[in-house]
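*Asks:* Construct the complete structure from the given sequences, taking the supplied hints into account.
Which chain is which? The protein sequence lines are A and B, in order. This note's numbering applies: residue 1 is where the first sequence begins, and numbers increase by one. This note's numbering applies: residue 114 is where the second sequence begins, and numbers increase by one.
Don't read these hints as lab results, they were simulated from the structure. Careful, some of the hints might be misleading.
[Stated by the list, open to error] With a straight-line cut-off of 20 Å between C-alpha atoms, the simulated EDC-like cross-links for lysine to aspartate or glutamate are:
1) A/LYS57 / A/GLU75
2) B/LYS184 / B/GLU169
3) A/LYS57 / B/GLU115
4) A/LYS57 / B/ASP140
5) B/LYS135 / B/GLU169
6) B/LYS170 / B/ASP197
[As the list claims (entries may be wrong)] Have a look at the derived ranges for each label pair, beta carbon to beta carbon:
7) B/ARG164 / A/SER70: 28 to 36 Å
8) A/SER79 / B/SER131: 41 to 49 Å
9) A/SER27 / B/SER139: 32 to 40 Å
Where is the CB? At the ideal position from N, CA and C, for every residue including glycine.
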Amino acid sequence: KAGVTQTPRYLIKTRGQQVTLSCSPISGHRSVSWYQQTPGQGLQFLFEYFSETQRNKGNFPGRFSGRQFSNSRSEMNVSTLELGDSALYLCASSTEQGSGGYTFGSGTRLTVV
Amino acid sequence: GENVEQHPSTLSVQEGDSAVIKCTYSDSASNYFPWYKQELGKRPQLIIDIRSNVGEKKDQRIAVTLNKTAKHFSLHITETQPEDSAVYFCAARGDNYGQNFVFGPGTRLSVLP
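*Replies:* Here it is, written out as structure tokens:
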């Protein structure tokens, strides 16, 4: 069974640009959540999608957005990048809300210069 | 909302000794508590979890205990080995619709040979 796949693995962007990250969950998993991981702030929840609907959103500015497709694949977009957006962005999938823990992807490391 | 604290932030033990990491949570509605291990440069991986209707769960050298009254749960690792060296994250979540995981800030465990 394939795991959670995130692409790309690494990205370098310039301040002001926008970026789109992709996540393909484990087959059969309909819930996809996104987290930002930084050394200082730990794992911070961005949003969760289930059946193409955003069910929950963390405390991030509107520059951070996401969506989920009918095949459960998800994308997150960050517009007008800032230096502070440099982080590891982790995607996690699960079968459904409340059924158990996450399976994380390897993440996309975004560096904003 | 939920708030999860985790202690200690760093922990060094001699190989063969035990390690204990404690987390406290604030929301009495939380009922699912997973633990994740993240090795350097790798994704977080679920190592053990516990639900609120259980007080203790074991899996070989790893155990988790839960005290619902005091709202704290702990990870116990016995007979530590160098490969146990990693960052460990606790998390808490309720079954409320759309509720996300809230993670603790992490504990860096070093097992010294």
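*Asks:* Tell me the hint numbers this structure goes against, listed in increasing order.
*Replies:* Of the numbered hints, all hold.
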